[in-house]
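Participant: Protein chains in written order, with this note's numbering: chain U, 1 to 433; chain Z, 1 to 283.
Bear in mind the hints are in silico, worked out from the structure with no lab data behind them. Among the hints, a few may not be true.
Said to hold, decoys possible - Footprint (simulated), chain U over chain Z, 3 or more residues, beta carbon under 8 Å:
hint, region
1, 33 to 47
2, 113 to 122
3, 143 to 156
4, 181 to 191
5, 230 to 241
Said to hold, decoys possible - Facing chain Z, from chain U, some residues (calculated, C-beta under 8 Å):
hint, residue
6, A88
7, L94
8, E117
9, G204
10, A433
To be verified - Covered stretches of chain U, as calculated for chain Z (at least 3 residues, CB under 8 Å):
hint, region
11, 259 to 265
12, 399 to 410
Glycine residues also receive a C-beta, built at the ideal position from the N, C-alpha and C atoms.
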Amino acid sequence: MSTSDISRRGFLAGTAAIGLSGILGGCVGSGGSTDGGGGGGDASPSGPITLQSSAADPKPKAALKAVVDAFQGAETTINTVAVENFRAQLPTYLTSSNPPDVLTWYAGSVARDYASEGLLLDVSDLWEGDGACAGFSDALRDLSSTEDGSQIFVPTHYYWWGVFHRTSAFDEWGVQAPETWEDFLALCEMLRGRGIVPLTMGTGSTPWVASGWFDYLNLRINGPEYHLELLSGEHSFDSAEVRAVMTEYAKLIPFIDPNGRSYSWQEAVTPLVQNEAAMYLMGAFFTQSVPSDVVDDIDFFRVPIIDESLPVAEEAPTDGYFAASGTDNAAGAKELMSHLAAPDSQQTYVSKAGGAYLPTSPEVDTSGFSPMVQKGIQLLEESDRLTQFFNRDSSDELQTTADAALTRFLDQPDQVDDILSQWQQAAEQVFQA
Amino acid sequence: MPPLVWLFLLVPLGIELAWVFWPALNSFSLSFSRWNGVGAAEPVGLDNYQRMFDDPIVRTAVQNTVIWTIGFGGASVLIGLSLAVALNRPRRGVGIYRSAIYLPMVFSLAVTGLFWRVLYQPDGSINTALEGIGLDGVARQWLADPDTALYAVLVAAVWRQVGYIMVLYLAGLKGCDPTLEEAAAVDGASAWQRFRHVVFPQLRSVNTVIFAVTVIDSLRTFDIVWAMTRGGPYNSSQLLSTYMFEQGFTSLNLGYSSALAVVIFLLAIGFIITYLVRATRED
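Start from the sequences, fold in the hints, and give me the full structure.
Facilitator: Structure representation (structure tokens):
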């Protein structure tokens, strides 16, 4: 016993020291990040790089690994974190004294907020001269820029939204993709009469899916300008314009699979694949949940135009990378981001990630992509305006207000007045915070 | 006492202070501020507490927390105690029953939630069984219906908890003096009278433990609700704990969510202290 005493005591003392150092540490919320830069820039330009990734689904995860394996620069470790935790931890990652160097996330309002706090690395040089992003479209440049015009984001892929269906099922039922909103409603009515669920939608554990139709109807009825202003708090959700959107949305409710209220978006794919449901308004990424022998049978059409006078807008959420300003290897981080944005890397990622993603680089040869992806590219090229999605164009906090309002609306469409006034109250709380 | 004992006491105390009490104290100071996790927290006085009074979701969450505490505590204690009494006497196969009832306790709450989520699916076992016995009208989307979501989760949580309560009561029953019950039987007391007036009073110390455990467990309930409904549909199954999490980690309102955490803490500590004071006074 006595021989082991010393080592045990040493161990305990050490443990106590660790505990005490925690007590002496800083207070949370006191903004200790000001000294977080740790000398910033080029303290050890050749140090290893950490890539914090939210791509936790198997196929995108494997695709990202393949891309990073081909990176010739600094040694890179990928840390994959499930997207829910990633979102919650993001401020902690960015403000920690030793942040991950490069992080996956999306462009738009969230990235801009972090940039205004000085937490994101300025990557404007990648967008100039022969930088990796120099040839990207102006729309992508705008999306990746802060208010003062510097770029803080490297977009690498995006996708489109559409009404997806099985070609073979449409042939079997003898129906065609509708051109107008009236045709679309008539098609739904006809399918329902034949015992087929017209629309599948999983709003159980993924209630944000209900915002898909809201976004599109608002874009089609009130236009993209109004939509983006609404999401930034300039209009009321309790307004005649939003009420008009809900009136159209109410027409869809009888056509939506009632069981979808218990499903996630992934589970809602099953009725479509089994020909029990006909159509699915979704992002093209959903094909990663479609069995591989059915993927080639999937086609889509544009959400029909309702008001011809409005510019045609489509949702095209863009994913990519930003770097923490506190990185101790800014040069290495930029090198990695250049690699991730390079045409070859984008090609690898898009071909392995499973979902129907589109590359952001115009240099990627898309001729080998499937006909559906070609059609997706064409859809976005023919659009006047691209939006992101409800949460990306506003905030995750406003998204939770939309989730509550829209899932309740799906259950109780006759309570629309109450729902919209509560939604507006909740939204005001968000914009005040 | 030898100095080594103090060391053994001080080390866990140090760790507890650093990793439990210090963060807990921080959440008190955060509750008077507005903070999104980035930069410095902005002091806002009592705004967060003010906001709670006007927040309709907090009202639902408080109501649900009360329903939850009573339902979860009541059901698991009643069922757990009945099972313990029924399975107290040695009988053939009693071990199998005890193990089977205790078994759900080995699953984490998140796993329990996922498992029950499958049972509650629109075409899941529960609806299939109801339709099988002709109760089609009762079948519904248990977790997607705001009238049933909270209770559906409650059933799953109680299913897991009864085994634990049963084991605690079994241990308590083992400590009861069998001669007292025999004497009462000889005096002509019925089975209910023997239980109510002879056995149950002897379980007082176990009851204190179980009350504390149940109140704490029900106020900190989070994972099973989050795994099954995330507080939905449209916030109808929101508890204070899930709403606190949503505000803190989905919306990043760390100030407001700390204020909710403080309220949960005060409720828990209030309950426990009142109960302990009353329990010790009776002794």
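Participant: Next, verify each hint and record whether it holds.
Facilitator: To see whether the hints hold, each was checked on the structure:
1. 33 to 47: This one holds; 9 residues, not fewer than the three required, reach chain U with a Cβ under 8 Å.
2. 113 to 122: Coverage by chain U holds for the region 113 to 122 of chain Z (3 residues, Cβ < 8 Å).
3. 143 to 156: Coverage by chain U holds for the region 143 to 156 of chain Z (3 residues, Cβ < 8 Å).
4. 181 to 191: violated (count 0)
5. 230 to 241: holds (count 5)
6. A88: Holds, about 4 Å.
7. L94: holds, 7 Å
8. E117: At 5 Å from the nearest chain Z Cβ, U:E117 passes the 8 Å test, so the hint holds.
9. G204: U:G204 check passes; min Cβ-Cβ to chain Z is 6 Å, inside 8 Å.
10. A433: holds, 6 Å
11. 259 to 265: It holds: at least three residues are needed, and the region 259 to 265 of chain U offers 3 whose Cβ sits within less than 8 Å of chain Z.
12. 399 to 410: holds (count 6)
Hint compliance for this structure: hint 4 alone is broken.
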